[in-house]
Amino acid sequence: MKKLVLSLLIVFLLISILPIYGQKTVEITFWHNMSREVDKKSIEESVEKFNKTHPYIRVKVLLVPGAETEITKLMTAVAAGTGPDVYYLDRFTVAQRANEGVLECVEDWLVKAGVDVKKLKAQFFDFAIQEATFKGKLYALPWDTDDRVLYYNKKLFKEAGLDPTKPPKTIAELDAVADKLTKIKGNVIEVFGIIPWYSQGWHYTWGWAFGGEFYNERLQRFTFGTDKRIIDSYKWQKKYADKYGMATIGAFLGMFGPEVDPFIAGKLAMKVDGNWYLANLRAFAPKDFEYGIAYIPSIDGRLTTWAGGWSLAIPKGAKNPKEAAEFMMYMATEGQIKYAIDTAHLPTVKAGVPELLKADPEQKLFADLLAVAKCRPVVPVGALVWDKLTEARDYVLYGQKTAEKALADAQKECQEALDKALGKKK
Amino acid sequence: MLELFKSKEKRAFLFRNLVRLILIFITFIYILPFIWMLSTSFKADRELYLFPPKWFPWPLVWENYNKALQRFPFFKYLRNSVIITGGSLLGVLISCPLVAYGFSKIRWKGRDFFFYLMLSTMMLPGAVTIIPTFMIFKTLGWINTYLPLIVPSFLGGGAGLIFLVRQFFNTIPDDLVDAARVDGAGDLQIYLRVILPLAKPVLFLISLFTFLGAWNNYFGPLIYLTDESKYPLALGLPTFFSLYGTYWNQMMACATMTVIPTIIFFVIAQRYLIEGIKITGIKE
Amino acid sequence: MTKIERKEFIKGLLFISPWLIGFLVFTVYPIFASLYMSFTEYSVVGASKWIGLANYKKLITDFLSLKAISNTLYYAAGLVPVGLIVGLVLAILLVQPLKEILFYRTTIYFPSIVPAFAFATIGVWFFNPYIGFMNNLLKIFGIQGPFWLSEQWVKRTIILMAQWGAGGTALIYMAAIRDIPRELYESAELDGASAWQRFWHITVPMISPATLYYLVIATLGALQIFDLPNIMTGGGPANSSLSFVMYLYQNAFRYGYMGYAASMAWILFVISFILTMLIFGTTRYWVFYYGARR
Numbered sequence: 002m003k004k005l006v007l008s009l010l011i012v013f014l015l016i017s018i019l020p021i022y023g024q025k026t027v028e029i030t031f032w033h034n035m036s037r038e039v040d041k042k043s044i045e046e047s048v049e050k051f052n053k054t055h056p057y058i059r060v061k062v063l064l065v066p067g068a069e070t071e072i073t074k075l076m077t078a079v080a081a082g083t084g085p086d087v088y089y090l091d092r093f094t095v096a097q098r099a100n101e102g103v104l105e106c107v108e109d110w111l112v113k114a115g116v117d118v119k120k121l122k123a124q125f126f127d128f129a130i131q132e133a134t135f136k137g138k139l140y141a142l143p144w145d146t147d148d149r150v151l152y153y154n155k156k157l158f159k160e161a162g163l164d165p166t167k168p169p170k171t172i173a174e175l176d177a178v179a180d181k182l183t184k185i186k187g188n189v190i191e192v193f194g195i196i197p198w199y200s201q202g203w204h205y206t207w208g209w210a211f212g213g214e215f216y217n218e219r220l221q222r223f224t225f226g227t228d229k230r231i232i233d234s235y236k237w238q239k240k241y242a243d244k245y246g247m248a249t250i251g252a253f254l255g256m257f258g259p260e261v262d263p264f265i266a267g268k269l270a271m272k273v274d275g276n277w278y279l280a281n282l283r284a285f286a287p288k289d290f291e292y293g294i295a296y297i298p299s300i301d302g303r304l305t306t307w308a309g310g311w312s313l314a315i316p317k318g319a320k321n322p323k324e325a326a327e328f329m330m331y332m333a334t335e336g337q338i339k340y341a342i343d344t345a346h347l348p349t350v351k352a353g354v355p356e357l358l359k360a361d362p363e364q365k366l367f368a369d370l371l372a373v374a375k376c377r378p379v380v381p382v383g384a385l386v387w388d389k390l391t392e393a394r395d396y397v398l399y400g401q402k403t404a405e406k407a408l409a410d411a412q413k414e415c416q417e418a419l420d421k422a423l424g425k426k427k
Numbered sequence: 013m014l015e016l017f018k019s020k021e022k023r024a025f026l027f028r029n030l031v032r033l034i035l036i037f038i039t040f041i042y043i044l045p046f047i048w049m050l051s052t053s054f055k056a057d058r059e060l061y062l063f064p065p066k067w068f069p070w071p072l073v074w075e076n077y078n079k080a081l082q083r084f085p086f087f088k089y090l091r092n093s094v095i096i097t098g099g100s101l102l103g104v105l106i107s108c109p110l111v112a113y114g115f116s117k118i119r120w121k122g123r124d125f126f127f128y129l130m131l132s133t134m135m136l137p138g139a140v141t142i143i144p145t146f147m148i149f150k151t152l153g154w155i156n157t158y159l160p161l162i163v164p165s166f167l168g169g170g171a172g173l174i175f176l177v178r179q180f181f182n183t184i185p186d187d188l189v190d191a192a193r194v195d196g197a198g199d200l201q202i203y204l205r206v207i208l209p210l211a212k213p214v215l216f217l218i219s220l221f222t223f224l225g226a227w228n229n230y231f232g233p234l235i236y237l238t239d240e241s242k243y244p245l246a247l248g249l250p251t252f253f254s255l256y257g258t259y260w261n262q263m264m265a266c267a268t269m270t271v272i273p274t275i276i277f278f279v280i281a282q283r284y285l286i287e288g289i290k291i292t293g294i295k296e
Numbered sequence: 011m012t013k014i015e016r017k018e019f020i021k022g023l024l025f026i027s028p029w030l031i032g033f034l035v036f037t038v039y040p041i042f043a044s045l046y047m048s049f050t051e052y053s054v055v056g057a058s059k060w061i062g063l064a065n066y067k068k069l070i071t072d073f074l075s076l077k078a079i080s081n082t083l084y085y086a087a088g089l090v091p092v093g094l095i096v097g098l099v100l101a102i103l104l105v106q107p108l109k110e111i112l113f114y115r116t117t118i119y120f121p122s123i124v125p126a127f128a129f130a131t132i133g134v135w136f137f138n139p140y141i142g143f144m145n146n147l148l149k150i151f152g153i154q155g156p157f158w159l160s161e162q163w164v165k166r167t168i169i170l171m172a173q174w175g176a177g178g179t180a181l182i183y184m185a186a187i188r189d190i191p192r193e194l195y196e197s198a199e200l201d202g203a204s205a206w207q208r209f210w211h212i213t214v215p216m217i218s219p220a221t222l223y224y225l226v227i228a229t230l231g232a233l234q235i236f237d238l239p240n241i242m243t244g245g246g247p248a249n250s251s252l253s254f255v256m257y258l259y260q261n262a263f264r265y266g267y268m269g270y271a272a273s274m275a276w277i278l279f280v281i282s283f284i285l286t287m288l289i290f291g292t293t294r295y296w297v298f299y300y301g302a303r304r
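Protein sequences appear in the order of chains A, B and C.
Number 186 in this note's numbering belongs to position 185 of the first sequence; there are no gaps in the numbering.
Number 209 in this note's numbering belongs to position 197 of the second sequence; there are no gaps in the numbering.
Number 158 in this note's numbering belongs to position 148 of the third sequence; there are no gaps in the numbering.
To be clear, the hints were calculated from the coordinates, so they are not data collected in a lab.
Just so you know, these numbers come straight off a predicted model, no measurement behind them.
Keep in mind that a hint or two might mislead.
Result set (DSBU-like, lysine-lysine): computed pairs, CA atoms no more than 30 Å apart in a straight line [stated by the list, open to error]:
id : chain 1 : residue 1 : chain 2 : residue 2
1  : A       : LYS244    : C       : LYS149
2  : B       : LYS88     : A       : LYS61
3  : C       : LYS59     : A       : LYS421
4  : B       : LYS150    : C       : LYS59
5  : B       : LYS242    : A       : LYS323
6  : A       : LYS421    : C       : LYS77
Going by beta-carbon spacing under 7 Å, a handful of chain C positions derived as facing chain B [to be verified]:
id : residue
7  : PHE25
8  : GLY32
9  : PHE36
10 : THR37
11 : PRO40
12 : TYR114
13 : PHE120
14 : ILE123
15 : VAL124
16 : PRO125
17 : ALA185
18 : VAL255
19 : ALA275
20 : PHE279
21 : TYR299
Every residue, glycine too, gets a C-beta built ideally from N, C-alpha and C.
Generate coordinates for the entire structure from the input sequences, incorporating the hints supplied.
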């Protein structure tokens, strides 16, 4: 009898406890590195709102400062199993980290949570979904994006006798305009028309502006080493290096250092930069500074740009991946729209674009460009490809290798790394 | 003119002022980074990216300091920095000279072996040992505490500092130690009564290096702490960096405030360095 | 071991026990783990795959790693002697009995205190060929200064720039100079020794223990140089300032080739070990411990 009473009591106790356990608050941790004040605030406000509307989930935010080092913290923590539930990851590295086994497959968790993934994907721009996908499945949800344009100084245009309402549209026009804008006194360059590789004038920027292709996805082969248009884009940059001399250009840029911007200082007439640069101009340029924004000139006048941006991912070993997926869903949609309005970052969720333009009409040019924007090849060796292309460009500019040789070497190295990463035998 | 060099006093006078001149020139070069930091910290936003850069902004924008203080809970981070630095300092001062004594004033078999073993621990770059090290701290349950940042200081404080102190102990006459031994003193007593009082300059050096190392340690706290309320100042500074436009003025204002305690520590502690200097290396 | 020897052995171990405990608990495992990693393909997360010597083979065929090694040896060959001279000269100047010496002492140590990023702009400006301090200074002497940050010059420039951090070495030498017994100088002066003779025959041998410390630590530090080129040039132009540890770090975390990075680390270990042993091998010719029984 005693036993029965005791066991009944225990069962009763258990039952009375169960609901509490069932509803126990689940804490998930979210690491990000957006340290700019408005960005940080907007993220925190969204998290707060999510916490309020989802009483059983509590999201704890951690700002991990630093640009390159923060990945060290993630890798170390994930290796030891103390990583966060949600991580803020550079989208173009999603494939690489997924391949390394650092990321959980988000799609699986979304499916488990009963989300219609197809419908969800349709809410975002294609390029962003592409970048977040590895082996046909989502490994991240897209966060914001960015794209690149040509900024030019209208006052310098006028001084050089150019029409400030007619920025160059083709590479040929760009060369002509840059030539007129460049002012040399003795051996010192006073005003530079353009330094093609400065700021966001990356290999991808000009390679695509020349109509080239870097990667054949179907064959899983890089093509930049053999694509004549990309080789041409390198040769074109080399012409600038030859004309002025790398030492002279280096000395010109060396007058400014990382803190001083030659474009804002009125010493550089044109530069390729991202949409975020608009905020810098508004905050840091002299009040009477007149700038124009135009599309990046291309070989045949077609619109060209490329987009990057961030994403949200679930690292391996996350304690609560299901709740993490739920939180990410919220952030990538509702949170992202708020982020676009608050911070003028371009959204990857289509519904965010009209909201952004209401808040900041000057972003229209950037928003329109998203329709033609390309994204970098979605490969598990993205960072390596980036660095090798940069290295090849340096070799060309400094005359250590021809464009053909530099690009062919880089392609060979990248292809070997890719084959290895994909598990292909040589 | 030659008259001037005749008297010894005048020669000394000339020499002193020559040294002074050289020092002023060198000081000018060495103070530039500091001046730049200070000057940037007082600039208005629109003065930041001007060319040529302004060395003396006017009016001074004190608001930058205000904004820097509000960017993150400055005083909380300051407190955390003090805890980490204070702990490390205490640990190093207790343990480092002790270990150095073992490597210097006691003759024992295996001393050189252990000494070279210790030096060799400095030869592997941290990038490849950080993950296994992290695992150990995780096993101990020390993640998100200050223990990984402080405890190593109590364990000698690193091969470099031990080596430095050992070099200075080696110059203290063995006769002093032997005399104390004859008087019946044990090694611990010799260490405390004879060696330490003579070692003030090197104790200053290791305090200063430890202070700086702990105060400016960015990587350790970044890896081991997962709670913003535990961050030290060294982690506050990089929050001013942004991929999307950096307010250098606020960052430099924050840097200036971060640096001040170090300067104070230096000025106060450095008297142990000069204490007793009467005559100098080259010429008086 | 005799009884006394055993007693001394235990005493020695007891004194170094704080370090020994730290070594056994925190250092041994990571060292062996990294050695193991260097024979595997390992990307931080997930299983590692044993691939024998493949990482080491890749190392000697990887153009960039060879370039980074040669750059690093260049840095070491420059940083160690230049830093020694600058540190020693500063120390000698800073122990002179001037009223305002504390001011000089503090300011010369400032660059070691100021966060590294405050340097980048100043450094670039200082070495600008047209408007920079260096070339304007050289112009006074009728010398046309070089393009300091060009690929031919950038390593030398970084070596020069590193001298802003010479305050630490200067302090160590100041402490060493302070420890020299005054009587040595006084009796030398009575014997009519010139200032140079006193410096060469008293100061130099008396501070040789500090010099030994400097040589070892500076060599190890130079072989692992990372911050300065990373901040100033990011390794450019065209990898001419890329250091070995910068490249190692990129491999470990940016590309996820931790195994490869570990093999690089162990090559660096071997180089460091050989150089350190070379330095210690010569000590009996020039390091002098005053007061030590011979």
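Open item on the list: What's the verdict on LYS88 (chain B) and LYS61 (chain A), does the C-alpha distance respect the 30 Å limit or exceed it?
Closed with: holds, 19 Å
TODO: Starting from LYS59 (chain C), check that the Cα of LYS421 (chain A) is at most 30 Å away, please.
DONE: Given that 30 Å is the threshold and the Cα spacing comes to 13 Å, the pair holds.
TODO: Would you settle whether the hint for GLY32 (chain C) is holds or violated, based on the nearest Cβ-Cβ distance to chain B being less than 7 Å?
DONE: With a minimum Cβ separation of about 3 Å from chain B (threshold 7 Å), the hint on GLY32 (chain C) holds.
Open item on the list: Is the interface hint satisfied for ILE123 (chain C)? The criterion is a beta-carbon contact with chain B at less than 7 Å.
Closed with: holds, 5 Å
TODO: Quickly compare the C-alpha distance for LYS150 (chain B) and LYS59 (chain C) to 30 Å and report which way the hint goes.
DONE: Distance ~24 Å between LYS150 (chain B) and LYS59 (chain C) Cα, so the pair holds.
Open item on the list: Quick check on the hint: PHE279 (chain C) CB to chain B CB, less than 7 Å?
Closed with: holds, 5 Å
Task: Proposed interface contact between TYR299 (chain C) and chain B, which counts if any beta carbon pair is under 7 Å - done: At 5 Å from the nearest chain B Cβ, TYR299 (chain C) passes the 7 Å test, so the hint holds.
Open item on the list: Hint validation: VAL255 (chain C) versus chain B, beta carbon distance must be below 7 Å. Holds or violated?
Closed with: Cβ of VAL255 (chain C) sits 5 Å from chain B, so the hint holds.
Task: Supplied contact hint for TYR114 (chain C), tested at 7 Å Cβ to chain B - done: For TYR114 (chain C), the interface hint holds, since the closest Cβ of chain B sits about 5 Å away, which is under 7 Å.
Task: Residue hint PRO125 (chain C), partner chain B, criterion CB-CB below 7 Å - done: The hint holds - PRO125 (chain C) has a Cβ within 7 Å of chain B, the shortest such distance being about 5 Å.
Open item on the list: Take the shortest C-beta to C-beta distance between THR37 (chain C) and chain B; is it under 7 Å?
Closed with: holds, 5 Å
Open item on the list: Given ALA185 (chain C) as an interface hint, is its Cβ closer than 7 Å to any Cβ of chain B?
Closed with: Since the shortest Cβ distance to chain B is 4 Å, the answer is holds.
Violated hints: none; the structure is consistent with every hint.
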